[in-house]
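**Q** Heads up: the sequence lines are chains A and B, in that order.
The opening residue of the first sequence carries number 1 in the numbering used here; numbering runs sequentially from there.
The opening residue of the second sequence carries number 703 in the numbering used here; numbering runs sequentially from there.
I should point out that these hints are in silico values taken from the structure, not numbers from a laboratory.
All values derive from a computational prediction rather than experimental measurement.
One thing to keep in mind: the hints can contain errors.
Pairs of lysine-lysine, DSBU-like flavour, derived with a Cα cap of 35 Å [unchecked claim]:
| id | chain 1 | residue 1 | chain 2 | residue 2 |
| --- | --- | --- | --- | --- |
| 1 | A | K99 | A | K335 |
| 2 | A | K44 | B | K969 |
| 3 | A | K93 | A | K164 |
| 4 | A | K220 | A | K682 |
| 5 | B | K752 | B | K1050 |
| 6 | A | K682 | A | K330 |
| 7 | A | K220 | A | K110 |
| 8 | B | K748 | B | K1050 |
| 9 | B | K969 | A | K93 |
| 10 | A | K75 | A | K500 |
| 11 | A | K315 | A | K325 |
| 12 | B | K748 | A | K93 |
| 13 | A | K576 | A | K466 |
| 14 | A | K44 | B | K1050 |
| 15 | A | K576 | A | K480 |
| 16 | A | K99 | B | K748 |
| 17 | B | K1050 | A | K142 |
| 18 | A | K411 | A | K480 |
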Amino acid sequence: MPKKSKTHLPLRLNILFFLIFIMFAFLIVQLGIVQILHGEAAQKEIERTEDTTTANPVPRGKMYDRYGRLLVDNKPLYSITYTPPKNVQPSEKLDLAEKLAQYIDKNTDKVTEWDKKDYWVMQNREEAYSRLTPEEQELSSKEQYYAVIEKVTDEDIKEINENKQVLEILAIKRELDQAPALTPHIIKNQNISEKEYAVVAEHLSELPGINVSTDWEREKVYGETFANFIGGISDHGDGIPREKVDYYLSRQYSRNDRVGESFLEEEYETVLKGQKELIEHVTDQSGKLIDSEVVREGKQGKSLKLTVDIELQEKVDKIIREEMKKIIDKYPRNKYLKDGLVVMSDPKTGEILAISGQRYDHEKHEFTDQSYRVVYDAHRPGSAVKGATVLAGYDSGVINIGSSFYDAPIKISQTPEKSSYITLGHVNDLEAIAKSSNVYMFYVALRMGGDYTNYRYAQNVPSKVKDSDKTLLELRNYFKQFGLGVETGVDLPYEATGYKGDSPNPGLLMDYAIGQYDTFTALQLNQYVSTIANGGYRIQPHLVKGIYNSSSDNGLNSLYKSIEPKVLNQIEMDEKYINRVQEGFRRVFQHPNGTADHVFNSKSYNPAGKTGTAQNEIYAPNAKGEIEKVADVENLTLVGYAPYDDPEVAFSVIVPNVGLESGDGINLQIGSRILDAYFDLKEERQKNGISINNEQENNEND
Amino acid sequence: MQKDHKRFNIDYILISIIIILAIISVLSLYTVQDYLTTNSPVLFYKQQIKWYIIGAIVTASVLILDYDRFRAIAWYLYGFGLLFVAGLYFLPFSIELGGARGWYQIPGLGVTVQPAEFMKIFLLIAVAHLITSHNEKRKEPRFVDDVWLLAKIAMLTIPAVILVAMQPDLGSAVVMLCIVGFLILVSGIRWRILLAIAGIVAAIIGAFVGIYLLFPDFVHDYLNDTVFGHVFTRLEAWFDPQQNAEQSGYQINKTLLAIGSGQLLGKGFMNIEVLGIPVRETDMIFSVIAEQAGFIGSSLVITLYFLLIYRIIHTALSCKDPFGSYLCTGVVGMITYQVIQNVGMSIKLLPISGLSLPFISYGGSSLIAYMIAIGLVLNVKSRIRTYMFDD
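Could you put together the complete structure from these sequences and hints?
**A** Now the structure itself:
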């Protein structure tokens, strides 16, 4: 072998070896960078776990009536959810669906032809792909799959169609497929039986990603009765109301939380809500669950004991409907009579015993419970407010106990003639109330404005009232002390305070004095009469008597917080004046002169009160769309309390827009029947105890 | 000068290195079995033991013939190999796996054969033979002789590389180029020519990279459907694995986490934390070693490869017969490229390409091809004639 030809070899091999050495050196250096320099970071990245906190809802607090009868219950709603990890394979989902199908029933209506074909291909992969033509085999795997699906015949899926079990699997798989990674998706949440729930819960370990949870639905035990005031809660779709997002978010609510949206549910949201159970789930990089820990125990929402006597409430609802129906049937022209509003309360504590508004639909000829109108709708009360007018007169010094006026029509220039319903002649303060003298009240109002004219002899002269604005303000301030024209403070998120008329003149001032000007709600009237009944204390009306810790059963647990009566203000007037008006009220009900004596004088419970009739007009758009007056109507009202000497129940009744001469004293009928109902119930309970629907013993009665 | 015919040199060091690599391979496959992304019923470590036994037999049978005799059948082997690579497009039993048409399925055995792996060896032998013959005929090669040699090598290499690249199996195609490149380097061709070629290759690669960086839209629109589309996806993942995390970047990110978290000392045997790395039993096997054995262990493995290459170069150097040296050089090219590429892609030094780690990755065809290559080196070593008075 010639030496020369070989001499280059060792040199070049050495060069090669040197190059290889350099390359390997690079490898080692880069390996050092990856493992030593960035190693710690990589390890951290691996150990980086993700903490996700889920909040499990707790049952909302329940509501009971004043005797512990369950009004609002929670009905459990079970749901089965699927939270897929990342990169889950279709075959794994099929496995899961097969297992789940053993435990739950699933409606198969949504299963599509495609689902069935896809399933058949999964089951018969080789056969399915063997149907492809050589050209189709050249296609991409996705296109091949579509071609394969197309080649599945009806014959192939016939068996699937007949097999209910398989269809269920497909229905479940369909749901599983829709679940986005790491987000819980509801597989089934309707009609889950307790058995399904329990079986799935038991097998959770073999069902990766599947979870069971419970949510609650509010159930109003007494149906429509009092339902308005219980209010509603939002559903998961709506979550917290948009206008209060910041309020709730700052209180650790999440956006899809269900919150009270109206009335008591809203007012007592914070106590009813309870505290959600917080569970922290720790997952690693691959989405595998490492640990779950309860970071905060859940607390069931507190329960409310309401002031309402649901038995009385039911009776009141019924009485209003019966009385309204009676006169609607009797006087068909009563087509504007739609509502009957009643509030009954304990005048010493402000506890509302029954609160009812019934609406009649003249087209459908049926009643609906629209009790919220008691707080939302204001009406002219008529003479019912005369107690406040007289007290204003005493306190401002324009009349005194026993002051009398001559009741005859008054004609002030530029003002329509004003009178009582008949000319009453000489009336003193008590008679003025009992006989419901308008003229007496006019004199009080005019005198408060500085007009001491005796209009019996002065016809068609201008009024000497100097400043109607100021006088109206003064009169309104007196009325406000009784709750007329201000918020009553009831424990509801909203209440109306009524409409206040403007641009007063002496005529309107006189109208105000007899309840013909501003409008008030039935609840305001109730507060007004309660204030007179209890001797001058304006007490906040309330619907919740106490907040109780929740219990697992249907009864009330221990008292958490009792809602005490709250005096908003005390009438500034002398006690003797109030006693005088009380006596006037008694005479209305129990004196031959009294406007309501014919209904109440036979009652054993010693009632007192004041009737009211306010003129009202109905306006409606005519054919041309112009608003015009279509009818003259009356608001029939009644306020009262009993027993006169030691009042335990106060009430207000408003029946707006009754046809003229077609009311048949519906206000008196409702008023007497609700008082009867109250005292009948009381008597019956003294004999037989309180009938409580739910089984639990309850010692909270008082 | 007296020949010692009786002496049959066995390179025990080389054999020991291979045995150590075999042990590492089987242990790695054993530990990674439970962490694979596919639920394969195959127990890879057991299969690999089987392949090693078959490989050992193949190595022994390569030793039967004096390597000199391979020169006589070099052309037949080359032709046979080319036929089988080309035959993937028309012969029966050829199948497509993972989008590449690169395998024959032997009916009944359930075994797949990857002809490209064997083509590497056949090309190596053919080119080594070609260079030896060329140089034997020309004692004083002129410039034109060098160019002619290059042309002949190109004629041999290009059909094989193109056929393999078309499958597409760019990895194997580049391995072939690397084998041939190493052989050209040691073939004695003038440095001027070699440098010129190196310059041209660098310019072409530079142009491609330039086009890619300057006109990415053009690349996407016109090259994605060609064989290069595949290359660009890989390149993109390499440049920016975070951006491509959901697709190709996912694999490299996970692999880097696995290797990086091995840190200096590793997590210890049977301790694997990072899950979900695709093809971890083959292309990504290095991550298994690096995660468990750490920097120390994995750099020892790299060193072991270096020792192996050193040992083969040592054989090439001590062999007085150019053909033997060329064979060894070709094997060095084959192993070097695959080790650098495989480890390099695992640690983000190079873009991802589907290449196995020699002797360690699971895979029958590639292991047997490597065992043949080792057989060739042992063959060369065993027949080194030691001249008594040779220094």
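**Q** A separate judgement is required for each hint: does it hold in the structure or not?
**A** Hints, verified against the model:
1. K99(A) / K335(A): Violated, because 64 Å separates the two Cα atoms, which is more than 35 Å.
2. K44(A) / K969(B): The given pair, whose Cα atoms are some 14 Å apart, holds under the 35 Å limit.
3. K93(A) / K164(A): 19 Å, holds
4. K220(A) / K682(A): Given that 35 Å is the threshold and the Cα spacing comes to 25 Å, the pair holds.
5. K752(B) / K1050(B): 32 Å, holds
6. K682(A) / K330(A): 33 Å, holds
7. K220(A) / K110(A): With Cα atoms ~33 Å apart, K220(A) and K110(A) stay inside 35 Å; holds.
8. K748(B) / K1050(B): 30 Å, holds
9. K969(B) / K93(A): Given that 35 Å is the threshold and the Cα spacing comes to 33 Å, the pair holds.
10. K75(A) / K500(A): Violated, at roughly 45 Å.
11. K315(A) / K325(A): Roughly 15 Å separates the two Cα atoms, so the pair holds.
12. K748(B) / K93(A): At roughly 31 Å apart (the allowed maximum being 35 Å), K93(A) and K748(B) satisfy the hint.
13. K576(A) / K466(A): Holds. K576(A) to K466(A) sits at ~30 Å (cutoff 35 Å).
14. K44(A) / K1050(B): Between K44(A) and K1050(B) the Cα gap is close to 19 Å, so the pair holds against 35 Å.
15. K576(A) / K480(A): 20 Å, holds
16. K99(A) / K748(B): 33 Å, holds
17. K1050(B) / K142(A): Given that 35 Å is the threshold and the Cα spacing comes to 31 Å, the pair holds.
18. K411(A) / K480(A): Between K411(A) and K480(A) the Cα gap is close to 29 Å, so the pair holds against 35 Å.
Consistency with the previously given hints fails for numbers 1 and 10, ordered from lowest to highest.
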